[in-house]
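Chains as they are written, first to last, in numbering that gives the first Met the number 0: chain G, 0 to 304; chain U, 0 to 442.
Think of the hints as simulated: they come from the structure by calculation, not from any bench. Be careful, since some hints might not be right.
[As the list claims (entries may be wrong)] Below are the DMTMM-like pairs computed for lysine to aspartate or glutamate, each with C-alpha atoms no more than 20 Å apart in a straight line:
{"no.": "1", "chain 1": "U", "residue 1": "Lys139", "chain 2": "U", "residue 2": "Glu129"}
{"no.": "2", "chain 1": "G", "residue 1": "Lys87", "chain 2": "U", "residue 2": "Glu211"}
{"no.": "3", "chain 1": "U", "residue 1": "Lys436", "chain 2": "G", "residue 2": "Glu93"}
{"no.": "4", "chain 1": "G", "residue 1": "Lys90", "chain 2": "U", "residue 2": "Glu158"}
{"no.": "5", "chain 1": "U", "residue 1": "Lys1", "chain 2": "G", "residue 2": "Asp57"}
{"no.": "6", "chain 1": "U", "residue 1": "Lys66", "chain 2": "U", "residue 2": "Asp81"}
{"no.": "7", "chain 1": "U", "residue 1": "Lys2", "chain 2": "G", "residue 2": "Glu93"}
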Amino acid sequence: MSDQILQLDKVLKTYGNYAAVNHVSFDVPKGSIFGLLGPNGAGKTSLIRIITTITRADSGSVLLDGEPLNSRHPEVIGYMPEERGLYKKMKVGEHLLYLAQLKGLSKQQAQQALNFWMERFDIRDWWNKKVEELSKGMQQKIQFIATVLHKPKLLILDEPFSGLDPINTNLIKDEIYQLQKQGVSILFSTHRMEQVEEICERIVLINKGSVILEGNVQQIKNRFKEHRFQIDYEGELPADFEAQMAVVSHKPGSVMVQVAEGSRPNDLLQYFIQRGLQVRAFQELLPSLNEIFIRQVGISNEAAK
Amino acid sequence: MKKLGIIIKREYLTRVTRRSFLIATFLTPLGFALLFVVVGVIFAYKSDDVRKVAIIDYDQILSGSIKDEKNLYFTFVDKSLDEMRQGLKEAGFDGILVLPKIKEITDKRYTVYYYADKPPTPDIELAIKERLGTAMREYKINALQLDRRQLEALDTRIELDPEPLAEKDGEKVKDASVFTSAIASGIGFLMGIIMYMAVFIYGVMIMRSVMEEKTTRIVEVMISSVRPFEMMLGKIIGVGAVGLTQFAIWAILIPLISSGASLLFNVDMSQMNSASAQAAAEVDPDDIQAMIALGMQELANQNWWFMLPAFVVYFLGGYLLYASLFAAVGSAMSDDLGEGQSLTLPITIPVLLAFYIMIAVIQAPNSSLAVWSSIFPLFSPIVMPARLAFEPPLWEVILSMVLLIATAIFFVWLSARIYRVGILMYGKKVTLKELGKWMFYRD
């Protein structure tokens with residue numbers, strides 16, 4: 000057994016002359032929520048299709064729970080694709096039973112799991128409804144249940160919140176956390192950066208098939224920090240303030256400054272205190288993942304030219 | 000393989016329980032029955048347009064008597080044509096038939112004249128010609144003083160009874176009767192047409208269903224659980240089972256309801272037959288009885304123990320072959336049915352060709368066209384069943400079966416390679432050339 004649920008090593012997948020996945024390597028720790036990020040067409044879906052055994056890599060290796068991918072693995076993976084659909088004419092209950100049985104559950108097991116989830120989402124009375132009678136958001140819930148019914152070890156969610164209202168978004172988010180607590184590892188693919196920041200512990204950023212960034216979210220943000228601080232204060236700044244400090248922006252009662260690398264935050268705070276200013280808030284500004292994403296993708300595109 | 004079973008079950012059950020399936024399955028026999036009844040009524044229908052015809056017969060050809068037809072009444076008059084012409088309507092006649100004097104008794108042509116506002120309708124014309132023909136014959140026999148017995152001996156009906164060449168003692172050599180080839184063509188045509196229908200109805204059903212799965216994006220969800228190959232095969236087998244179910248129901252219901260309906264509406268079948276086959280009118284009823292008995296015996300004589308299993312093999316092989324092609328094409332299509340035309344054409348053309356070849360083949364079941372096309376696997380599922388009743392050489396049947404099964408398996412494999420790429424390909428108009436390329440994509 001390994002500590003990593005997923006280990007990718009130099010995975011390569013080409014279509015014609017085009018490398019959709021270009022020697023990608025990264026590990027997903029067990030029990031984590033891992034973000035797979037990248038702009039449109041970066042190769043996320045190609046990569047996911049390799050992991051879910053839909054396609055095979057040309058070269059490189061993928062280990063799931065320490066084992067090379069094999070034909071039994073689809074049963075321990077739950078995959079919710081970005082483009083997803085259901086049989087419109089089927090009844091909700093039958094449909095979910097069908098999908099669960101295809102994941103290797105017996106009819107009884109599927110029925111039990113389904114009872115649990117329908118109870119949990121309070122949708123027991125949907126059992127005999129046809130899928131086409133449900134709204135898009137409702138269908139999304141059915142999709143989610145279909146993805147987790149067979150208690151997968153690895154859950155792959157591609158834009159799981161698209162089309163959901165805030166209430167249902169939270170509902171699904173809570174379920175994701177719940178599953179994580181039970182030891183399920185989650186690979187989460189999206190371009191909604193605020194969600195990544197909120198949910199994921201680690202991320203990998205790919206562009207044009209290659210990894211351009213990988214690691215712990217906090218560490219990445221620290222790595223790309225620009226030593227900017229925001230100070231909210233009461234009183235008047237000294238006249239030579241702008242000459243002494245690198246001011247990024249300045250509003251009445253609030254100033255953002257950039258300090259030299261290696262200088263201590265306390266020195267900055269000291270400066271304000273010594274000049275008799277009341278400090279109401281003091282914080283270091285870390286770049287958002289969104290900013291890092293846009294910048295890094297830009298750099299990588301530039302380099303490719 | 001357990002999953003394949005689950006897929007087949009779903010494909011089968013969702014279709015069989017669908018309202019449109021139930022309607023099509025149970026209304027079609029009713030439709031057939033209705034057609035049967037209506038056709039019977041139409042054939043039984045005679046003109047209700049009452050006509051009265053005056054006859055001026057100068058030479059007494061008819062010697063003053065002619066049988067009336069239903070709704071067609073003849074009256075002999077002694078007046079001249081000019082007298083009759085005036086006040087014809089008042090006298091209650093619709094037309095005048097003038098039989099002129101015969102110039103030369105040996106003339107083969109004899110023209111009579113029909114005076115009326117409107118030219119005679121075909122049924123009147125036919126009745127007059129028939130009556131006059133018989134009367135003329137009688138007239139000439141008398142006028143030329145011919146021997147009636149000798150004359151009748153001139154008419155001979157020829158029957159060809161095929162006999163086996165080898166005659167072995169103790170071994171029963173099958174003796175073909177007059178009806179062998181007629182019955183065989185009938186069976187052949189029926190088998191051929193069932194194949195043709197099955198390929199089209201269920202092939203297109205598969206194609207549409209694959210397209211639908213693709214456009215609703217359910218495939219994206221499915222392929223993370225099952226192989227595309229299992230999906231495709233499950234659908235083909237499931238729909239095939241639907242087809243067998245439907246045909247089985249029809250095979251029972253159509254004869255049942257049709258015979259029920261004909262009893263109920265009292266449609267006289269012999270009337271239908273005699274109306275369609277002129278020849279039957281000249282054959283006396285005892286002959287018809289004998290013919291039916293012979294026909295039944297001929298049907299019983301057919302080697303069903305060989306033909307039915309062989310038909311099933313061709314049905315399954317042909318279905319598998321074409322259904323997989325339809326599945327491959329369905330996977331390449333987008334929502335737009337119209338743009339798929341260019342892709343379905345290469346499939347429909349061989350099916351249509353096979354159908355026309357089949358029609359030619361039941362006329363000449365041992366021609367080289369028949370032999371080669373019933374071995375060629377794209378045609379054999381439709382052509383060979385049509386030949387089976389003509390007892391083709393065993394080696395031809397075995398060769399064509401082996402080729403068909405091998406080709407069907409090959410096409411399933413080939414289609415699966417196109418299918419796995421096609422179902423995940425969106426928003427691109429696909430050409431045949433591209434389909435070819437997909438076959439060589441790696442997984």
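Okay, the hints, checked on the actual structure:
1. For the proposed pair lysine 139 of chain U and glutamate 129 of chain U, the alpha carbon gap of about 16 Å is at most 20 Å, so the pair holds.
2. For the suggested pair lysine 87 of chain G and glutamate 211 of chain U, the alpha carbons sit about 10 Å apart, so the restraint of at most 20 Å is met.
3. Proximity of lysine 436 of chain U to glutamate 93 of chain G is assessed by CA-CA distance (about 38 Å); at most 20 Å being required, the pair is judged violated.
4. For the suggested pair lysine 90 of chain G and glutamate 158 of chain U, the alpha carbons sit about 65 Å apart, so the restraint of at most 20 Å is broken.
5. With a C-alpha separation of about 29 Å, the suggested pairing of lysine 1 of chain U with aspartate 57 of chain G is violated against the 20 Å cut-off.
6. For the given pair, lysine 66 of chain U sits about 26 Å from aspartate 81 of chain U by alpha-carbon distance, which is inconsistent with the 20 Å threshold.
7. The suggested pairing of lysine 2 of chain U with glutamate 93 of chain G holds, with an alpha-carbon distance near 16 Å, which does not exceed 20 Å.
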